[in-house]
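Enquirer: So the first sequence is numbered by our numbering: it starts at 1 and just counts up by one.
Be aware that a few hints might be false.
Here are the simulated PhoX-like cross-link-like pairs (lysine-lysine), alpha carbons at most 25 Å apart as the crow flies [stated by the list, open to error]:
#	residue 1	residue 2
1	Lys148	Lys537
2	Lys561	Lys470
3	Lys213	Lys122
4	Lys122	Lys33
5	Lys420	Lys324
6	Lys420	Lys33
7	Lys490	Lys122
8	Lys4	Lys420
9	Lys272	Lys213
10	Lys490	Lys415
11	Lys470	Lys194
12	Lys122	Lys378
Calculated directly from the structure, the hints in this document are not laboratory data.
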Amino acid sequence: MRIKELLNQRFSAAMQAAGIPNECSPALALSGKPQFGDYQANGAMGAAKRLKTNPRDLATKILDNLDLDGIADKLEIAGPGFINIYLSSKFLASAVADNAPKSGNHNPQTIVVDYSSPNLAKEMHVGHLRSTIIGDAVARVLEYQGHKVVRQNHMGDWGTQFGMLIAELELQLSEGEQAELALNDLEVFYQQSKKHFDEDPEFADTARAYVVKLQSGDQHCRTLWQKFIQVSVAHNLDIYQQLNVGLSREHIMPESAYNDDLQNVLDDLTAKGLAVESDGAKVVFLEELADKNGDPSVMIVQKSGGGFLYATSDLAAMRYRVNKLGADRILFYIDARQSLHMKQVFTAARKAGYAPETVGLEHHPFGTMMGKDGRPFKTRSGGTVKLADLLVEAVERAERLLRDKNTDLSDDDIKIIARKVGIGAIKYADLSKTRTNDYIFDWDAMMSFEGNTAPYLQYAYTRIRSIFRKANIDPQSFNAEINIIEPQEKALAMKLLQFEEIIDQVASEGYPHILCNYVYELASAFMSFYEHCPILKDGVDEQSQQSRLQLSKQTSETIAKGLDLLGIEVMEKM
RNA sequence: CCGCCCAUAGCUCAAUUGGAUAGAGCAUCCGCCUUCUAAGCGGAAGGUUCCAGGUUCGAGCCCUGGUGGGCGGACCA
């Protein structure tokens, strides 16, 4: 149940009865401080401005028409016209009791989520982390809400580099090398290839010729290319699995898949008068994005040599997603540096009719991962950090910490837990920061097991599970009536009730850090509750014990669900 | 030259999108374990929200102008 929504309905009705126009929102919000109640309605002030009346009088009028019987104990008008709402404990208790995840969705949409989309020429590196895990978290949230989510991994498998790479592969195979062995380390392979390309003109010519041959369907080049792609894709799928990310083979829709459609897109743009020739290239001038001098933004869709660019394949992808996938909404988790490009593609897609106004096009950009020095995260020698190496280090660090702190876990348990903690820590550190900003990657902070980190939340979960083990109760089947007496019980109940509202917010705006903050606050509220409200200790009456166990059970479920939506696993012990 | 983004406690980050006295964690200091996992809890201290104006009942958030930093902008993605 969404309390805010309920209050909103009641306040809207009261405001209407008080003669306030419908456009005025009750402006409901959680109260920041206990002395301002649990929720507050700030709409009286906005409405008073509009009606040119006294806000406090208007607030009184709203209260006269407001029916919150059985929901609120007390209502008060404060300050310039705030209405403070004190919820009844009985209402809270019953609300928590039927706080079970809602079934179905009144307005399910088909939502395409474009995320991860690495370039297959090289191994995945830290630059791919954010798109991969933020996009995945949002996809999970949308699925939880009952939408049809279509994940699209727009892998880069078709650029100029591939001519160079297949020429290198051909060379190494001719020297008797096995494909699997040659491609064992994609990074090394890429460097060898680049070296040949730069130093050997003959090789470079072959490479350039192979790009053209590949794209025109030459069988030999195609076979070599497929060998390479196969290895690279397998590498990526392995990373996804390690990351507990819901991307598999079926979600891959690479650039090459649009190859046959690029000429069609160009022809169509030309026919519509959008693409015109300029300096030998085919470009689209976008007056909508003109600067203050009136110069339109330029988007090249075909090079003067005849080659297509990513703007072209992005437009082809747009058409596919709208027409074939039936998208109502398309989300792009792509680096903030491509904001202009996204704007151009969106504008062109609208003008060409590839995406009607009814289809939401949303670029959800994100900032860069920085090192502790405030510069982009690199290895000590200044190279790119491979994602595979980063994950190995995360698990190793987690394992060391577990061994330091713990004695009664088996070796196998430690291995399994270290994986969940290490990967969880790395993902959570990223997801918990505001998506659009750069953030500083700090091993110690994310692994510290203190504060707003994955280990803290995982620990909170295991603590609750431990209570049930101790009491020899199966939480799954446990169910008891909730009784809210202590302030910590109320605070915990309030937090539990905010889950769905938070989910709505993440779904509409695509900021997973809101969910992170929520789970952290929920876990903190539990820790506080747990310290002040004994459960299994001597002297706790039966009714309180049952009620507190019920609160604990629902907290553990909500933490687990919240973390699950973030793609982070929990465990029974740690 | 044009355009986009950022600036909040010593550090890392929040602030329910215009709401009341700007909140957490780390670090520092003070308390709490023979009792449900102390990887925890309670408390103290820490702020001219980069600067200057403006809008209004009310601004970290909106507008204007600066300062400082990052990133984009005709043939890579």
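Enquirer: Are there hints from earlier that the structure breaks, and if so, what are their numbers?
Expert: 1, 4, 5, 6, 7, 8, 9, 10, 11
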